Structure formats: structure tokens, C-alpha cells
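Since the structure of chain A is already known, use the hints to place chain B on it.
Number of protein chains: 2
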Amino acid sequence: MSLRFTVSLAALGAATAVLSAASTPAKADEGMWTFDNFPIQTVNDKYGTHIDQAWLDRVRNSAVRINGCSASLVSGEGLILTNWHCVVGCAQELSSAEHDYVKNGFLTATREEEKECPGQTAEILTDIIDVTDRVLGAGQGLEGAAFVQARGAETTKIEDENCTDKETQTCQVISFYRGGRYALYKFRKYEDVRLVFAPENQAAFFGGDPDNFNFPRYALDTGFLRIYEDGKPVATPTHLTWNPNAPKEGDVTFVAGNPGSTSRLLTMSQLERLRDQVNPITLIQASELRGRLQEYATTSEEAKRVVFDPLFGLENSFKVYYGQEGALTDPDFMGKKREQEAELRARVAADPAIAARIGDPWGDLEKVQASARDLYLPYRQLEASAGGGSDLYRYAKTIVRAAKERAKPLAERRAGYTDAALAQQARRLAEVTPIDQGLEEIYLTHWMLKTREYLTVDNAEVKAMLGKDAPADIADRLVQGTKLGDPAVRAQMFAMTPEQLAASGDPMIAFVLANDNAAQAVRAQWDSAVNGPTAKAGEKIAQARFAVYGTNLYPDATFSLRLSYGAVEGWTYRGVTVPPFTYMGGLYERATGAEPFNAAQAFLDNESKVNKDTVYDFVSTNDIIGGNSGSPVINAKGEVIGAAFDGNIHSLGGSFGYDGALNRTVTVSTAAITEALRNIYHQPRLLAELGVR
Amino acid sequence: MSLRFTVSLAALGAATAVLSAASTPAKADEGMWTFDNFPIQTVNDKYGTHIDQAWLDRVRNSAVRINGCSASLVSGEGLILTNWHCVVGCAQELSSAEHDYVKNGFLTATREEEKECPGQTAEILTDIIDVTDRVLGAGQGLEGAAFVQARGAETTKIEDENCTDKETQTCQVISFYRGGRYALYKFRKYEDVRLVFAPENQAAFFGGDPDNFNFPRYALDTGFLRIYEDGKPVATPTHLTWNPNAPKEGDVTFVAGNPGSTSRLLTMSQLERLRDQVNPITLIQASELRGRLQEYATTSEEAKRVVFDPLFGLENSFKVYYGQEGALTDPDFMGKKREQEAELRARVAADPAIAARIGDPWGDLEKVQASARDLYLPYRQLEASAGGGSDLYRYAKTIVRAAKERAKPLAERRAGYTDAALAQQARRLAEVTPIDQGLEEIYLTHWMLKTREYLTVDNAEVKAMLGKDAPADIADRLVQGTKLGDPAVRAQMFAMTPEQLAASGDPMIAFVLANDNAAQAVRAQWDSAVNGPTAKAGEKIAQARFAVYGTNLYPDATFSLRLSYGAVEGWTYRGVTVPPFTYMGGLYERATGAEPFNAAQAFLDNESKVNKDTVYDFVSTNDIIGGNSGSPVINAKGEVIGAAFDGNIHSLGGSFGYDGALNRTVTVSTAAITEALRNIYHQPRLLAELGVR
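Those protein sequences? They're chains A and B, same order as listed. By the working numbering, the letter at position 471 of the first sequence is numbered 471, and the numbering carries on one by one without gaps. By the working numbering, the letter at position 145 of the second sequence is numbered 145, and the numbering carries on one by one without gaps.
Same shape as in the complex, but just chain A (with noise of 0.2 Å):
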């Protein structure tokens, strides 16, 4: 999930005071429509549109889901659109202290030059299948641990039937409503993604963390993938037709795409808990570890280069959490979420036999937050958050899971651990990515001493994981001792057994081993006292609001594929009247010549021949978040017209409701992108792909 959330500080407060209520039935253009359930004649009727079901199916086909990100077919030889901010994870892993693609940008003449990128997957939904009866059958008359795991097996068995072959299909159980219904999303999937097209990092992201979440932008966030199979680019004749021109004001458009995760359906002790646990910690430790990857930066110019897709991340991932944290400590914003969840309350309370089968489950959340709240910290430094972002952990503890559930009958595994699935990590886990060794330790020195400061040095688990060195002379010895970076390691590792593990005399894979135990009882226990009464509370709240409200609702998102509609339109704030447009001449306005103001420099190149009067960036209406960056923008005919790519300010409390007055998506259009590969990048060939002269 990346779609960036630039967040203007000072202006929080007020910003989300008007939002309507995800448990009523929606007004404006809220919300994230699965493709099920879009509210047509509400569109139709709004817009003037002539939306059918072979409209969103032809859309729903052209809707790809690529790691974290949003995308779309745009051609019938496998073109993708995306976000540069979505491939330029890719462009650093390919890159070199020689080949900087991320900085010089990822240019191709011709297909052969089109390359792989590592562990990158694209997946077209194919089938929609209710399982809802399934899962919540499976946990009938189980509590806690138990319950997990039933729901957790009965999912994956799900999921094994429904896709036998990994390698091409990918079946995934979702969730909907916080556990109303459940669904088998089924899908096409390609593992052979390559990279097309990739501007310069200062094009694409243009005013780097300062202007990210700013509007008016200029921004060309942008990049072009393609699948292929058996080294060859796939046929999609279902693809959307690229409209190089630029929508007017008030235009209708439409968002497809994989919004991450929204919290609207919350209740208030559990955004309470967020509020003051959750998000506070993740903020504070975020920041600790940014400025050391700030300072990391200065030490060279190579290590300026491996931060920075780290650094983009960590950045836009703080931002994400410092604007939910501005929409919760908002008296008024709170105020509204407190009176709607009285009001779906009182409503239940008033129907006995509503009131009768429904329960409290309001009463209990509350108990289970303040399990939560004990719980929270060694979850979340011995596992959830375990290695702090280090690859090289992440590959030990995969193969020590894996030995380890690999060594149990079928029937005892955890989910998520059968054949199939095994087989489909050994797949990633070979593939060739770059290992920084200044960063892995970085992040390895981070994540221990932030374990030892916030759950005591006195705490056994801490004492056990540090015996008596200290935190950085152990990620030294972790990182330069193990053999993990090296993908025939990792595949070789991954057959091995728990025994031939602990005999194999890797640092790395000894220290995982070594610690958990530790960390797989605190997960055990977050299952049993957070994970298991939460979802059961939730089914009782989904099933609250059906009886109440009715099941005219969309859920909330869970990184699935939905559609919104709205409409190109500025907005109001303080007085202040912002346009819906940038041009592509006010980038050479803005720009200061220095980091991250300084433009590109192939548009400062070919600046007499780009037509200036282009429009660059336009917001519209539409209900986003985070995973929604590069989903297509989308006009009443069915064309793409842009690459939806941020939220402006006010969308940042978005998480917990949207207000039609102020958020905004943020979109680059496909005029400038033409105008850019035409006129800047010289890209006849995707051009010609693309249908533009």
C-alpha cells in the first residue's frame, strides 16, 4: 500500500470535521464499491452516465494488482500503467553504483531491452465467489487460539481447492465488512513483470516529501510495465483505450483499483487504541529510523542511492500515520464517529430481536482493547515488526517457519503453510534482489534497541535475544556472517530441516531460530486474546448494521479491487479556492534548481519543445487510499484518462471517513504522460503502442 499521503501539518485540525458515516447508506461520492455491488443507478443518475454491467466488466478485466499498487492493461501486448512511486522499487533493484535507473530514469527502445523485475507479480481478477457460510461454519464453537486457526485452515483449504496451479492463478479469501461476508477472489497471475518505462525520480517525484500530498502538484508519477510468458509479451485484447486528452471541469470520473486499508467500520475503542497506542509508537520509531537513514545518506553517494527508495517509503508510510493521527485527535471528527456508533447502538437496542441475536460485541472490544493495549508491544517488536525491515532477516525467519511447519503432519500447520503455498515462498524467496550491508544493519541495530527500550532490558524475551552484546555489535555479526544474499543459499536452506538449520552454522538463521519460540507464543497469544474475539465482535457489528441499515453498504478496504466514481472538481478550504488543474508550464515555475525542487533534467532539456498549456496533475472527487496509487482514472466512455497517484491534504483522515467538500484524489493525466513521451522522452514506440501518433 503506497499511495502517498503528503500531509500539509499545520492545516490538520478542522480539515475532516465534515465527513459522512461508512455505516449509513452513502451520500456524495463516498466509497470504495466492490465490483459486485456498484451502485449503478445512483451513478447513472448523478452523472448522466450510461454505466451497464459490460462497462465494469470490461473495466474490472483491464484491473491489474501489482505488488502494493494499483494498475491497468493499456494496450493489447501486456502494456501496463502504474505509478512511477509503484515501479521505481524495481528501477533501485536493478540499478547499480554504475546504472542508477532511479535516478537517470529506465528508458527502452525496444522490447529486449525491457527488463525483469524481481519478485514483481501482476493479477487480473478473474472470479468473484461468495465463501461467506465456509469461513464463519469453520470457527462455529471455537474460542481464541482455536478459532484462528480453524478460520485460518478452513481459508487456505479455500484457497487450494480453488487455484491449483501458483504459478498462474492466486485465490485469495477476503474479508468484507470486518467479517459480514466473505469472499474467494480469484485471479490470473503473471510473475514475468517487466519494467517498460520509468522517468527520472525528480520527473516522477517532483518536490519530493515536501510537495508529496501538496496540490497544485507537478508531478509525472508515471511508469509502464508489461507481462509476459514464456519470454513473450501477453496478448490482452481486453485493455482500456488510452484518451490522450485531458477531462474538464466537473468531468465524471471513475477510480479502479486496490485501496490498502480503511478503518471506517471501527468502533470507537478500537480507534482510541489507535490513537494513543498504536500510532503514537509507530510514528516515534518511524521517525527515529528516518533520521538515520537521513544521515545514512550523507556518509557517500552509494549509500545516497540505496536510501532512497527506503527513505521514500518510510516517509510516505509516516505521513500515512501523522494525518490518521490528525483525524483522531479531532474533538469534532470524534465527536461524529461517537454519535454514529450511539445511533447503530440505540437502533439495535431497539429491536429485541435484533438487540437478541447482535449482542454487545461493542462491550466486548472494549475488553479486548485493553488485552491489546498489554499485549501490543511485544507483538509488535518480537513479531510483527520483528527485524525492523532488514531482507535479510526476513529470508531466515521464512525459512525457519517453513522448516519448521514443513516437519508437522498437514493437518497441524499453521494456515498459510501447505504444500502449495511453500512452494510459492521457495519462488520468491530466489529471487536475485540487492542487499545493502550498511542498511540491513541499520535496520537490524534499530528494530533491537527499540525491542530492548520498549519492552525493558529486563524483559526475558529482550535478555535472551542480547545476551550480553549489544545491539549493533550483533547486526554486524548477523549481517557480514550470513550467507542469505545469496539466492542459492536461500533455496538450498529453504529444503533443509529444523536440525540441519540449527547444524548449518548461519548466524542469521541461528539468531532466528534462537528467538522464535518467543515470538510465535506472542503471536499465539495476540491470536487468542486480539485476533479471534475481534473478529467475532466484528460479524456481530457487520451483521448489526445489514439488519439496520440494509446491504446497500460497501465495505471497508482490505486491498481488493473497487471502484469509486466522482467527479474532476477543486475544492474550498478557508476561503481559499483551489483549481482542479496543473499545467505542465508551471513545473518550470516552481522548480528551484535544488533537492528536491530541482527539475528533471530532461525536462529542463526539451523545455522550449513541451507544449506548457498541457495539463499535468487534476484532483476529482473520488474515494481513495493508499494502494489505490496507479489505478487508471477513468472517464464515462471507459478511457483511461490519468494514473490516480496521491490524496491531497484532507483526504488524509480518509482511514476513517470521507468528506466530499475537501478530499481529493490526485491524478496524473494522460495528456501530459503523451506529451512527455512524445516531447521529453522521445518514446515513439510505446506511442505508437498506446494508439497517440
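FYI, nobody ran anything at the bench for these hints, they're computed from the structure. Certain hints may be false.
A pair holds if it fits inside one copy or across any two, identical chains being indistinguishable in the list.
27 Å max Cα-Cα, derived DSS-like pairs, lysine-lysine [to be verified]: (1) Lys468 x Lys609; (2) Lys408 x Lys157; (3) Lys367 x Lys336; (4) Lys468 x Lys304.
Note that the coordinates shown come from a computational prediction; the quantities given were computed from them, not determined experimentally.
Same frame as chain A, now just chain B:
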């Protein structure tokens, strides 16, 4: 203020549930009492002591205030006992790449080896004069900025009238009860303060940041200074007698020192703004800077050396704020505060005469918080925290503001800029302190980056400050170009007019000059919209408290001399009982050999000589807070038995309330100091002076 509060972060939450109310007469051992309102009878009744005015006078005359800390006279020749962490700044400033007195300790064999601490003062309170009527009278009929200016001018006038010789006298008008009372505190001041003894950092700060606020604790957090005049030690016939024996469990203990700041009398709306805005921003920014300093420390041995004290200070502050936030997000704690406020308001409302006199200051403060929320970020970034900790920036700001005020007639100058005060500033500027350019650039870069981030890149003041340059480039240009690292240059520039400064060509001076109007404007806004109305409302609330509860109350801490009482006592939390003492042998058991748990070299070298049964550190129920560091801990006879240096984990919420069952003061015993001077550091000269064989 730097009594260190370490936080065992996992254990917050319930830690502060039981608190008594500063707004009602104090119970248990609560209270940071002024010397003119000490509850003699209560203490004598409870502890069977014979405290009388003579006892109080002798303690008061032996108490010393030093920069940000507390201390006491312990010999007739000006010898001062305080904490190591109160003299480590001096040790750091006296150090160089060749002589590292922080790491190796600072030991003296003769008086001649005692070295003057740059900028160090020592102040002994001589008079307390009530000036409430004068101060309150000065603001009569005025509002906002005019009110603040009139109050400030009267305060400065009182101070100047009473202290004509600023080299040997300090006069300070101090607010008590948040404006309920004002008193002039007059001190005998010494400006030649020399370092006599500091142990190795690993002896004093064993366990480092992880153990900070931990107990059981094994830290020799002690240091000695000496006051000089005319090149000779000052004769100090009044001083505390050194008792080299540890107290027993249950023994009464007094702590005389300068608690820096508490917020026990703040209203709910004030606490909520702290919780939602001030503390989060502070924690987040501090964490990022912390990450930078940690990473900078890894770049070289010299960088590690210079970062030591700044990083210690930063981590200490982080814990204080984090601990505060733990209390402010604890629903039980805040519920109790809310009840207390409701009770006071109800009792005011119940008496028409009082109600008419008091009005609704709680409502007024609610409105003030709305303004403060809007103004806080610009005020913080452009004025209150401007420069981000850079000494060179601070010098430039001092010089520029002095020049501007000096150019005005006396009556129009801002408070604090009388000729006497300016002369004092000049003396401070002339002190020689080392400057690390790398550290200076980190501070400035971090500050400018955060200013741009929080005020946004399009803010007019940010644009004016940065122009077309990147923050890191500006920082580099300022630090490399300025001559203000040279005390002679500072002295010369301090005498210049604004015009001469503008013509000087110094880039740091030019930078401050260019941005100073904006900074002063935001300060004026803050004074007018926040400080002024807060002072007025605070006075009303103090009067309400006096009217309802009488005057047998202690005021919030304001870094003025206070006396607290209590007893040596451990505590029990969640079924675990922590005994009140540690012993020197425990240090050797806790030591791992890895930083920060490596024992000091002198401790290792002399292990066989040390009496391991010596009481090392102990806890007592005294109510103290940051600023109390170095305070003498005194027995019933008035003898010194230790130096307070920390609070336990539960005292974290002490800013807002005291819990007698859990809050503890942590003290290094005179028994341990004596043992260390004798058998580890071999200081017969000091032992003889302390009257110990």
C-alpha cells in the same frame, strides 16, 4: 532541567491511576513545598522529627542552584555535591579529541587541577520577597501583548532594583500557583565554578539510556564542583554535614532542590492540547533528531565523543515527554483530573461571591487553546525552537536581538533587555565552548527540514527562509562561513548596531537578521493570544483554589527552591515488590561487558578492594521532578545522605500528579560515593575535606 526519567515503556497505562490532587490539600508525602510554606507540623507529627525554622534555614543556605540542576554545599571551602549528569556538560566542554574527561572521568590531585566550567554558575538563595501586588498591578486594565509587555517590564524593574551587581547577584521574580503569587528570589551568585571530580561515564551512567529510570539501579551519578572568587575557594561555613552511612528502610528523607516544571494545576483543555499537539510533535521531532545523532556517532570515534552529551540530553527529554504522554493518554488518570476540575468549578459556582470574582477562567482557557493550536507550529518552528539546538545560531540570535533592543529607548525595550541584562548576556557570549561543525549542521538542517515540513513549503516565512536553496546546503554555508565560533568575534559583534551587523558579512548573522522580523511577529502573536490570556486565567484559577481550599497548598514547580519530605521505601506493582536498596556488588553482577552495560575500568580494576555490601542507590517517597537532579537528600539531623538523580518508572506521570504508593525518587548514597572515593578513585584529599577518614 534534567533529572532523568527513564521509561519502561511497556508498563505505562495503569502506572498513574491513583493520584492525589495538587488542587486539594496534599496527602501522603506529596508536595514540592516552598521554604516559606513548609508543613513543619505535618512532617514532625508523621515522622517524629524535630524540624524547626533553624533547620530549614541551614538547609536553605546550603542548597545551591546550578545550570538546570540542583546541588548542595558539603564543606567549608565551597565544595559542591551534585550529579555526574549535571557536570558532564562541563566535562564534555573541557574535553578534546586528546583528553576525554567524559569517558575517562575527571580526577584532581590538587586544587590547582580543578578547572573552570564554561558558563557554569552557582546560586544560593538569600531572600524571598513577596511582590505579588506589584506584578499584578502592572498588568491592570491591559490586554494581550500590552499586558505581557507591562508585566515583563515591571518584573525586570523589580529584578534590577534589587540586584545592582549582576556579577554576584541574581534576582528573579518567580510565579507561584500559576500566577496566584509572585515572589522575588534573590541569590548570591558565583560565576567561577570549577570541576573537582567526575567519575567515568560508565560508572555514573551505567546502563545508559536503557537503565535510565530503571530501578534496581547501579549508577554512581555524582560529581563535585567548587565555587571560587578572586581565584580562591569561597569560604562556606554553612554547609551540610557529610554522613557516610546509608539510611535504613523507613528513615525519613528530605530533598532540597529545584524541581523544574510541573503541570499539576493545568486545566483539562490545557492538558488536552499538550496531549494532542505539543507532546506528539515534540516526541516525533526528537526521535528523528535522535536517529540522526545515533547514526552520526557511528561515523568516527570523534563524532561518537562529541555526540555523547547531546544525545544523552535528547534521550532524557524524550523519556520525560513520553512518560507525560503515557499519563495524558491514560483514561483513569485523565478521568481523575476531570473530576478534580469539576469539583473545583462546582464549589466556585456554589458560592455567588466567589463565582462573581472568579468568572469562568476555564472557559477562557478553552478559547485560548483554540488559538494556541493554530499558532503553535509557527511559534515553535520560527521562534521557540528556532535553530534546532545550534550554538552558532543561538549566538547570532542573541547578538541580533541585543542590537535591536539596544537601539531603542529603555522604556520601549522588550522585557529582559535592560542595560544590566545586556551586560550579563555579553559575559555569557564571551565564554569559550567547543563547536562541532558536523553537529551544528545536523541541528540546523533538521530544524529547517522540519520547519518546511510542518509549516509547508508554500508558507511565506518558509519561502523567505530557504529561498531556492536546500536546507542542508544552507546549513553548510552558514556553519562553514560564520566566524561566531570565536568568542572574540562574538564579543565584538555584540557591541555592534543592527546596521553594522548587516554590513558585517557574517552569513549566520545575515540569516538571523533576514528572518528575525517574522520570528518576532509570531512571538508577539503568541504573547497576545496565548501567554497574556493564559496568565490572566491562571491567576483567577489560583484565586479560586485559595478561596475554596485555603493557602495550605504547594505550587507547581518553577525551577525554584523547594523542599519535599518522605521516607526510604520500595514499592509494589502488579504483585512485584521492589526493595529500596541496591548494593555495589550488584553492579558487577549486572555488567555484561557491552555498552552501555560495561562496568567502568576503575570499577573493574579495583573490584577486589570494593566493599560490595555498600548501599549503592536507594529509593524514597519524595515528590520530585526534572531539575531536582543533584539535590541533596537529607536525614532528620540535616546531614546529607545522598544526591537524588532520577525518578522510578511510576514517577513519569509526576508532571501531572503524585501517587504516593508508586512514585519514587532515586538517589546515589553518600555511602557509595565515599566507598568510590576511597577504594575506586583514591581521593583522600576529597575524603578529608568531607570529614571522612
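What hint numbers does the structure not satisfy?
none
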